[in-house]
Amino acid sequence: MYPGRLFAVLTCVGQVCCSGLATLHARFGGNAGEELAIVRDDTGTCPLPHGHLNLDLLSSQHNASFDHQSTCIWSDNHQQQYCVFADPHFNYEKGISVITTPERAQYISKTIAAVSNHTKFPAESLFRTRPSGTKGRGIFATEYIPAGSLITQEPPIIFIDRNYMEVVSSEEVRTAIQTLAVEKLPRTTRQIFHELYAGPYEESLTQRMWTNGYIASGGPVPQWPGLDNESDLGMIAVHANISKINHSCRPNAASQWDWDVLAHRLYAARDIAANEEITISYLNPIQTLQDRQEYSKNKLGFKCACSQCKASSKSADLSDDRINEILLLESYLESRQIAPAEPTAMAELLVSLYKQEGLHTFICKAYAIVAREWNGAGYEYQARQWAYESVMAGLIAGSETGMEEYVNDMEALLDGSRKHWSWRYRVHR
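Under mature numbering (1 follows the signal peptide of the UniProt record, and there is no 0), the residues of the sequence shown are numbered -18 to -1, 1 to 411, in order.
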């Protein structure tokens, strides 16, 4: 660990003239014989003017081993630059490469410095990676992991501004800058990246990043550039281990992005047995088999073959019946215009159906609904029991599952059941 290091800002590669640019020869890895020629008759890959290149992102310690300039490209409208920044010593020499704006890079570099100085990432002792059939590699528990346990906390090795993917239309230019970002990682980390599954289609660097990337929304500070912009697309994080986690429609784990430590945290959503594969869901699992299969094929590019999707026809039909009843119960109970005859019994059936279906990463919602119904009937302590369950389940699932509103509502109920909007609201109808 190098506590004094922020980012190494990369040297511009290839001497080009921005006026009438025809070809950019970008040298990678310091080998003059390895050149990538990009034929374009525009200034899409022009370096920033000298006054803008030399960003002050380095601490005074260990500066000698780093270059002092970054490789940058323009957006199509020439209103924003996106640059490659790297710190090969971050996270115990695994390194990190970032493609983003110079403005955002300054905030990320401060987070890198704070994490390097104060954060120790847990050892990867609860899982190991190994082949997982046709899905490439997966991660498997090395021991029993109780529900709620932190399995790992891992920073990305590649961190890409998703906006850049939209505003730089040239695939050749994007590939060149992404290749440079990968080349600036340590050799072992580069090898790990290239071992990540690239999907069923023709392999490309962009496809590998999209297939293995996680969206990180928001920002590390309120001043994060673009935070208030509704069209901001966030960042894409590619990890050495977490990116190997395979999909299941009934996952046993949930991941959460934490800007404070620039890392994804992976939690056990239920008890996980030793040697069991650790999975997350790439889609909304509260769908029938047909809907899940169509989504995975049309949107994700693969036909799901998890155990839930490969179940016998009778089991699949029973599962679909439970899913349809879950959706029906939720529509009744969350509509305040309807007064069910047995709301608490219906809500507890909802919880049971979630458990029968193995929907542990979304059960926060069911717990919240049953808490509201007991509170609505005037039973304060039953309501509080379920509210505690809901908050805990929501904290494990994280905001990526959309459970945040239920967690906030249940925290408000726990602050005062009788002050909560749901107090005796069923009785007054």
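No lab work stands behind these hints, which were simulated from the structure alone. One or more hints might be untrue.
Here are the simulated PhoX-like cross-link-like pairs (lysine-lysine), alpha carbons at most 20 Å apart as the crow flies [said to hold, decoys possible]:
hint : residue 1 : residue 2
1    : LYS337    : LYS296
2    : LYS279    : LYS292
3    : LYS92     : LYS285
4    : LYS92     : LYS117
5    : LYS285    : LYS117
6    : LYS117    : LYS296
7    : LYS117    : LYS337
These are the hints, each one checked on the structure:
A distance of roughly 19 Å separates the Cα atoms of LYS337 and LYS296; the hinted pair therefore holds under the 20 Å criterion. Distance check on the hinted pair: LYS279 and LYS292 sit about 15 Å apart at the alpha-carbon level, within 20 Å; holds. For a cut-off of 20 Å, the pair hint linking LYS92 to LYS285 is broken: about 42 Å separates their Cα positions. Our distance criterion of 20 Å between C-alpha atoms is broken by LYS92 and LYS117, whose separation comes to about 37 Å.
Distance check on the hinted pair: LYS285 and LYS117 sit about 11 Å apart at the alpha-carbon level, within 20 Å; holds. A C-alpha spacing of about 26 Å is found between LYS117 and LYS296, which places the hinted pair above 20 Å, so the restraint is violated. A threshold of 20 Å between alpha carbons decides the hint, and for LYS117 with LYS337 the separation of about 27 Å lies outside it, so the pair is violated.
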